[in-house]
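Each chain is listed here by its residues.
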Amino acid sequence: MTRERNSIPYWLSAPGALTVLALVAVPLVMTFTLSFYSQPPGGAIDSTLTLQNYGHIVGDDYYIEIFARTFLMAALVTGVCLLIGVPEAYVLTRLTAGWRAISIVIVLGPLLVSVVVRTLGWAILLGRDGVINKALMAVGLLNQPVQLMYSYTGLVIALSHVLVPYMVLSVWASLQKLDFATEQAAESLGASSLTVLRRIVLPQVIPGVLSGCLIVFALAAGAFATPAIIAGRRLKVVSTTIYDEFLNYLNWPMGAALAATLMVIVLAISLLANRYIERRYKQVFS
Amino acid sequence: MTRLPRPLLAFHVLFAAFMLAPLVIVVLVAFTDKGYISMPFDGASLRWFNEILKRQDFIDAFYRSVVLAATSATLAVVLALPAGMAIAWYQFRGREILVGLLLSPLMVPQIVLGIAILRFLSQMGAAGTMTGLILAHAAIVMPYVLRLVVAAATGFDRSVAQAAETLGASPWTVFARIQLPLILPGIAGGWLLAFITSFDELTLTVFIASPSTQTLPVKLYAYIANTIDPLLASISTMLILLTLVLMLLLERFYGLDRVLGGKS
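Here the protein sequences come in this chain order: A and B. Here this note's numbering is used: the first residue of the first sequence is 1, the next is one more, and so on. Here this note's numbering is used: the first residue of the second sequence is 1001, the next is one more, and so on.
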């Protein structure tokens, strides 16, 4: 690090910073402003400031239900990712180098595959004549096919698949900082592997687990492709509602208000959770 | 490393199966000889791969996606490389704010970014244009490049550059002969990650692409909304194959775990 009183770093970072300002910050402010405008059906945008869009969001059962459904979905997906992602991250650290390389491709590789392709796979698996139904009927667990496409269960399964790599990554990162000797010490003192996991490993990786939860929750709440394809119009979430307001009903101010509300709720939850984590983290280690 | 307890091993196998299931099913369906979604076990053929060649609209969308991804990834490198060097090598007022600003596209839900950029571009009269798409994609993939550049640049000893300076090398020579080669793996990894991210992007692009600038993911999404047939599976299979190739390249340049973990 150089501590020089010069303008070089500012010149170096100006192009990138200005691009983000112009293409992210300015548009966000414009959208926030737009959310206070109104637009009668078929009419032009009226730029008189009004709170009517937000009035709809807090007062209209239709929108309240959509928000409730979205955040319940995000919470369930976070729960599923927590349940399966944490043990998988632990397994990754215990594999030999060769197996780990293969496992990383299998576990994290899907992140690089288009989300449309991954969701298409789930649409095929979950269909009425899909593989899951056929398998369950073949082993006699089902008498007739269940509707998993356009269902909440199907949506949570598919979205968990899309987002669980983020949980694995986050927990894995904190596991790598872990000193393996502490585990061995506990083992040599007679602790069972379950005890080692519960008393030695878990407490040290809690921050990684919580930040993984935050990432998954935020991404789930804003996810578009998977809810749009798996849940469709039957189970609308906030993102698919925003899409409809913008591209089908052409009510941009309403769509902007929904987007602003979604963003504020997600940011508020993230900030609160972060503060909570920091407080807890200090208590644990002081 | 010690042996893995049996229940954990079983869990690992199930988890891997869960991760692979949707991709494997897509590849299998692509080889069916039926006109609808079915397994290839009672009749396999390549007819759905031949079908791709007849769909000029999908081929056009593919090339458009490649051009968009390559251009926006390159632009993102051009913008993020100097910023990354500034962040890694200089301590200056507002550094934290700069990092926050440059990473902010990752913090905002993509759906919100999508409508925000749509609103912005339509005010500028650039909605639906390729230029608009390239700029928007460059802005959202820049954080990926930045993270890898900063990680690569932080990793090396600055005294090497200072030694060259002392020996009379010009700032340009120091950059071109010392600094750039040392952070090149980070740049290559960042470019590839940016390329893949832009190529796959749907949520934002679905808002700002016009019918004449539809990318492949947008085209696939629009198609799925109407019907799901084996053509989707064969195109998806090609995409999975392409991703595998890019993944191998990433592994070679930078290491997959480092790229995805975003750390050195």
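None of these hints come from the bench; they were simulated from the model. These numbers come from a predicted model, not from an experiment. Incorrect hints may have been included.
Said to hold, decoys possible - For each label pair, taking beta carbons as the anchor points, the in silico distance ranges come out as: (1) Leu202(A) x Ala1016(B): 19 to 27 Å; (2) Gln147(A) x Val1067(B): 35 to 43 Å; (3) Ser188(A) x Gln1162(B): 41 to 49 Å; (4) Phe1041(B) x Asp60(A): 45 to 53 Å; (5) Glu1051(B) x Lys177(A): 47 to 55 Å; (6) Gly1100(B) x Gln176(A): 45 to 53 Å; (7) Arg1003(B) x Gln147(A): 42 to 50 Å.
Unchecked claim - Covered stretches of chain B (in silico footprint by chain A; criterion: 3 or more residues with CB under 8 Å from a CB of chain A, positions within the stretch not fixed): (8) 1009 to 1021; (9) 1040 to 1053; (10) 1079 to 1086; (11) 1224 to 1238.
Backbone N, C-alpha and C define an ideal beta-carbon position, used for all residues, glycine too.
How the hints compare with the structure:
Restraint check, Leu202(A) to Ala1016(B): a C-beta distance of roughly 23 Å satisfies the suggested window 19 to 27 Å. Remark: the range hint 35 to 43 Å for Gln147(A) to Val1067(B) is upheld by a beta-carbon distance near 41 Å. Evaluation of the 41 to 49 Å hint for Ser188(A) and Gln1162(B) yields a pass: the beta carbon distance comes to about 48 Å. With their beta carbons about 50 Å apart, Phe1041(B) and Asp60(A) fall inside the hinted range of 45 to 53 Å.
Separation of Glu1051(B) from Lys177(A) is about 50 Å and conforms to the stated range, judged on CB atoms against 47 to 55 Å. A hinted range of 45 to 53 Å for the beta carbons of Gly1100(B) and Gln176(A) is inconsistent with their spacing of about 25 Å. Between Arg1003(B) and Gln147(A) the C-beta distance comes to about 43 Å, which sits within the given range of 42 to 50 Å. Only residues whose beta carbon comes within less than 8 Å of a beta carbon in chain A count, and the segment 1009 to 1021 of chain B has 9; three or more means the coverage holds.
Counting residues of the segment 1040 to 1053 of chain B whose CB falls under 8 Å from any CB of chain A gives 0; the rule of at least 3 is not met. Residues of the segment 1079 to 1086 of chain B with a Cβ under 8 Å from some Cβ of chain A number 6, which satisfies the need for three, so the listed coverage holds. Under a criterion of three residues with beta carbons nearer than 8 Å to beta carbons of chain A, the stated coverage of the segment 1224 to 1238 of chain B is upheld, 6 such residues being counted.
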